[in-house]
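Q: Using UniProt numbering, the first residue of the sequence shown is number 1, and each one after it goes up by one.
The set of hints was computed from the structure by calculation and includes no laboratory data.
Careful, some of the hints might be misleading.
What the hints assert, rightly or not - For lysine to aspartate or glutamate, the following EDC-like pairs were computed, each having C-alpha atoms within a straight-line distance of at most 16 angstroms:
1) Lys474 - Glu491
2) Lys88 - Glu120
3) Lys502 - Asp399
4) Lys88 - Asp485
5) Lys474 - Asp485
6) Lys88 - Glu451
7) Lys371 - Asp205
8) Lys474 - Asp411
9) Lys88 - Asp54
Given the structure is predicted, the values throughout are model-derived calculations rather than measurements.
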Amino acid sequence: MSFNLATILRESALTSPDKPMLLIGPTTLTYRQVDVLSGQVAAGLRAAGLRRGDSVALQLPNVPQFVLAYFGALKAGMTLVPLNPLLKAPEVAYHLSDSGAKALVTFDAFADEAVTGAAEAGGVPVWVVSAGQAAAPADTTPFDELVAAGAGADPAEVEQMSPEDTAVIIYTSGTTGRPKGAELTHFQAYMAASVAAETFAYREDDVSMAVLPLFHVFGLSSVMNCAVRSAATLVLVPRFDVGAVLDAMEQHRVTVFCGVPTMFVALMHADLTGRDVSALRICVSGGASIPGEVIKGFEAAYPATILEGYGLSETAAIATFNRSAEERRVMSIGKRLWGCEVRVVDGQDAELPRGPEHVGEIVLRGHNVMKGYLGRPDATAEAMRGGWFHTGDLGYQDDDGFFYIVDRKKDLVIRGGFNVYPREIEEVLHEHPAIREAAVIGRPDERLGEEVVAFVSLRPGATAEPADVIAFCKERLAAYKYPRDVTVVDELPKGPSGKVLKTELRSR
């Protein structure tokens, strides 16, 4: 059997060739045009010497070129590695080296850091998408030349892949070290998009907004792939701004909106005077738990229902979902998806009875669960103990089959919808010559959900101002990661084993 995820584009282009697929500003691209242009990208990648199975990193905001490069690389039988455009050079170098990427497609506004990182990773070739925001660095190639190199290519020329071949590597990380690449296969990505589209009740006449970053699994799978699988229209918004989102909702009559809770909070408080958002019919919330008061406030202002789901990078974005306004339970992450098994287990992996008094770890298995962490068999085996993916999230199931998240085993901080892992920041803090110990936690924040804060103790005789520590981190970490608040203490609180007691830090 052979199968390529790019089939979702090919099929929609065959059935709806002249239908708008991508809308951004004054630009409209039809399904036929995207199919043809992505075919040219595939041919251009081959002409540049890349081969089936090679990895291509995409470090782009929500622009048409992301979609063209994504489906072009898939058509050529290559693996996609989506990266946050805000990554600094050392982070870019790490991801390129770890994934073995043979090429990087980046954006002109971020090209300097990307090129430096690509050089550190061994001289990875870089193509630059130009938006006129900055001059492309030397030794890079315009993305337009990659497209032009494949002129005349047959869009139907799609590399035949095994369903178990890796289509996308999504980087995540835990509390134990650097980011890990979760490998999602062609079959898993297809099933995730198909089941989610059916669960969201997608229609061909839907107009979906992509303001969630496409480099994130939520935006990639539950927004873009779902829309393309359903032959729907996708409105691209490069960054979240309330005015820009409302403008796009009105102009394009958006019917489907997926976002993280902070987006719904901002939209809930927006001035809708004179605005027409009547086309909106369904909203999907994920990335973090959404408060019931936010759901209530948003739905009082907009004609759409917010349905909450749950998933991870390792599960192609989704595993449970509230299916309709009639069936949903506010504060619940919903019921399991078709083909996905969900359990709550104790410390010995024994399934727990239902009820809020039986809180345990949520574990999953099914078509949507990754095939493993790239190059990390031990981490894969640990996460997949007994054939079940261990999420690290604590929750319970009620008598009607609805699941609830109550806490996280990991010390994950979710800032504005982005996952921030304290261990990664602590590693950077420990590189500071004046710092002896460091601990990073999340502090509740009304606007962002959580803010990143750090507590540090200093080496004997050393001095460091909080502003200097923040600047040190800012130079080495993406903008959403570095701590906005640093507190210098004489000693970090510790338990009998010497482990830092972050619960005490949180209480401060």
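Q: It remains to establish, for every hint, whether it holds in the given structure.
A: Evaluated hints:
Taking the CA atoms of Lys474 and Glu491, the gap is near 24 angstroms; set against the 16 angstroms cutoff, the hint is violated. As the CA atoms of Lys88 and Glu120 are separated by approximately 12 angstroms, the hinted pair is consistent with the 16 angstroms bound. Note on Lys502 and Asp399: the hinted pairing is violated, with a Cα-Cα distance of about 34 angstroms set against a maximum of 16 angstroms. Restraint check for Lys88 and Asp485: the C-alpha separation of about 20 angstroms exceeds 16 angstroms, so the hint is violated.
A distance of roughly 12 angstroms separates the Cα atoms of Lys474 and Asp485; the hinted pair therefore holds under the 16 angstroms criterion. Distance hint between Lys88 and Glu451 is unfulfilled; the C-alpha atoms sit about 20 angstroms from each other, more than 16 angstroms. A threshold of 16 angstroms between alpha carbons decides the hint, and for Lys371 with Asp205 the separation of about 34 angstroms lies outside it, so the pair is violated. At most 16 angstroms may separate the alpha-carbon atoms for a hinted pair to count; Lys474 and Asp411 exceed this at roughly 21 angstroms.
Between the alpha carbons of Lys88 and Asp54 the distance comes to roughly 23 angstroms, so the proposed pair goes past 16 angstroms and is violated.
Of the numbered hints stated above, those contradicted by the structure are hints 1, 3, 4, 6, 7, 8 and 9, listed in ascending order.
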